[in-house]
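Asks: Below are the chains, spelled out letter by letter.
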Amino acid sequence: MPVEIRLPSILRVHADGKSIVEGKGSTVGEVLQDVVNSYPGMEGQVVTADGSLHKFVNVYLNDDDIRYLGSLDTPVSDSDTISILPAVAGGAGEAAPDPQDGVAMLAGLGW
Amino acid sequence: MTSGVYAQIVAHCLERLPEEACGLLAGPASFHGLQPASSNYLPRENVNQPMAGEEPATQEEVPDTLDTVHYGYEACAFYPANNAASSARLYTVDPLDYLRADRDAEKRGLVILGVVHSHTHTDPYPSTVDIDQAPDPKWHYVIVGLGRPLPSTRAYSIRDRKASEGRLLIGDQG
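If you read the sequences in order, they're chains A and B.
Sequence positions in the first sequence follow this note's numbering and run 1 to 111.
Sequence positions in the second sequence follow this note's numbering and run 1 to 174.
If we strip away everything but chain B, and leave its shape as in the complex, we get (with noise of 0.2 Å):
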C-alpha cells in the first residue's frame, strides 16, 4: 500500500480509540490478487513488529512463493468507515459508508481490495470472529494492533476459515 494510505489508516485507528476502528482498501482492479506487485515498490518500514515470544522476522524467513492473493496489491484509497458495532471488541462497516466507498472507488477506476480494522488491546492477529465473519476469500484483511505503545500492521487473506498472512509492503512507487 501506499505510504498515503498507511498514515491514514494508523491516524484512523487512533483517532476512533477506544472503540475499534475500520475501513476500506482501494487500489487498481488490474492488480486484485491477478499478478505481482510491482518490483519498483519500495519498503520503507517494517509495520510489523515481533508479537510476545516471537524473534524478530529476517528477510529470508519471509517465503517467496506465498500464494498470489498476497501480492498484487496496491491499495492507493483509504475510506474510513464508522463501526456501526461502537465497540472496543468488535467492528461493523457502516454499510452506507461501504455503499458511498465503492461508488467513489469506482469513479476512480478502483476497486475494493479488502478491509481494515484495528484490535485495540492486542496484537494484529485474526480472531475467530475476523475469520468466521470474512466476507470475502479475494479480499486482503489488514489488522492494526493497539496493545502496545507503536501501532502494528499486519495483512492477511482469509479463505475456508483459514487465515494466512501476506507480506505488507508500505512504499511508494519509484
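Next comes chain A alone, as it looks inside the complex (with noise of 0.2 Å):
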C-alpha cells in the first residue's frame, strides 16, 4: 500500500496539480524519493542534492515533524501520512524599532 502525501500550493504545480499524491517506500526518503521518480519536478525541492531536507521545508509525518523522530530515515507504514509545508517566515526584519520599545508603548498604556 503506498503512503499518502500532501502537498502545499507552491508544490502542486509539480503534480499535475494535485493536493495528494501517493508514494511507496519504507522510510520518509524512500517515499519522497518515489514522489520525485513520478514527478520529476518536485527534484530537489524538498530534498536538497546532498540527500537531506530542505531548510526552508517542513515535513510531517502524521502529527510529528521528521525532525524530531529519524528525519527522512523515519520508516513509514501504509496507514502513515507525509505532509509537506512550506517554511512560512518573514517579520518587520532588524530595521525595525527596538522590541523593548514595544514593552515601553504597552507600560505606558498602562498593560
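Hints listed in this document are in silico derivations from the structure and should not be mistaken for laboratory results.
Note that the structure is predicted; figures quoted are calculated from it, not measured.
Note that beta-carbon positions come from the ideal geometry of N, C-alpha and C, so glycine has one too.
Any given hint could turn out to be false.
[To be verified] For lysine to any residue, the following SDA-like pairs were computed, each having C-alpha atoms within a straight-line distance of at most 20 Å:
#, chain 1, residue 1, chain 2, residue 2
1, B, 138, A, 51
2, A, 24, A, 51
3, A, 18, B, 136
[To be verified] Simulated DEER-style distance windows between Cβ atoms:
#, chain 1, residue 1, chain 2, residue 2, range
4, B, 29, A, 79, 23 to 31 Å
5, B, 128, A, 71, 27 to 35 Å
6, A, 27, B, 14, 41 to 49 Å
Since each chain sits alone in its own frame, please combine them into the complex, following the hints.
Replies: Next comes the structure, spelled out in C-alpha cells:
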C-alpha cells in the first residue's frame, strides 16, 4: 500500500495540480524519492542534492515533525500520511525599532 | 475578506503585542487567484491609512487592471498561529499550526490563500525579510501595521522577490 503525501499549493504545479499524491517506500526519504520519480519537477524541492531536508520545508509524518523523529530515515507504514509544508516566515526585520519599545509602549498604556 | 476575518486578524495582532503576530488565511479554492472577486462584495471601510508623506488614496488612483492574483481573494477563515520566533521583529508560523489549519481548511472545502502578520512598530510595507522569505507566489501577504494609534492593513502579492500591493476589500457578500 502506498503512503499518502499532502502537498502545499506551491508544489502542486509539479504534480499535475494534485494536492495529494501517493508514494511507496519504507522510510520518509524513500517515499519522497518515489514521488520525485513520478513527478520529476519535485526534484530538489524538498530534499537537497546532498540528500538532506531542505531548510525551508517542514515535513510531518502524521502529527510529528520528522526532524524530531528520524528525519528522512523515519520509517513509515501504510496508514501514515506525510505532509509537506513550506516554512512561512518574515517580519519587519532587524531595521525595525527595538522590541523593548513595545514593552515600554504597553507599559505606558497601563498594560 | 469577510469583516469577521478582518476583526479576528486585528484582534489577534493586538493580543500578541509586543511580539509580531501571524496566522493563515483560507478561502474557497475556486477564487484562488483565478477570477475576480464577487461584484457583490461591499467594502465597508478603508483599512489603508495613508503612510507618512503619502496623500490619502482616492478611488481613481486604484488601478482597475491589477493582476488577477490581487483579486479572486475571498478569505472567509483566519487561523491564528503561534509565532515560533517569539520576536517583535520576526515571525515564523508554527508548522504544526499550519498543518492543523491546512487540514481544517480542507475539511471545509477551503484552501490556504495566504499569510497575515503584524509589524509592531512600523507601517504595513513588506520588509526585505518578508520579500526574501515569501514562500508562495500565489499567496496573498496581509500585513497589519501597529506603529500608529490605529491598526493599518494592506495586502500584497510577492513574486520573483517583488512585492505589489493589491486592493483589500473588507465586507460581506450581499
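Asks: All hints are to be evaluated individually against the structure, with a verdict given for each.
Replies: For each hint, the structure was consulted:
1. 138/B / 51/A: 28 Å, violated
2. 24/A / 51/A: 18 Å, holds
3. 18/A / 136/B: 16 Å, holds
4. 29/B / 79/A: 23 to 31 Å: About 27 Å separates the Cβ atoms of residue 29/B and residue 79/A, which means 23 to 31 Å holds.
5. 128/B / 71/A: 27 to 35 Å: 31 Å, holds
6. 27/A / 14/B: 41 to 49 Å: 45 Å, holds
Consistency with the previously given hints fails for number 1 only.
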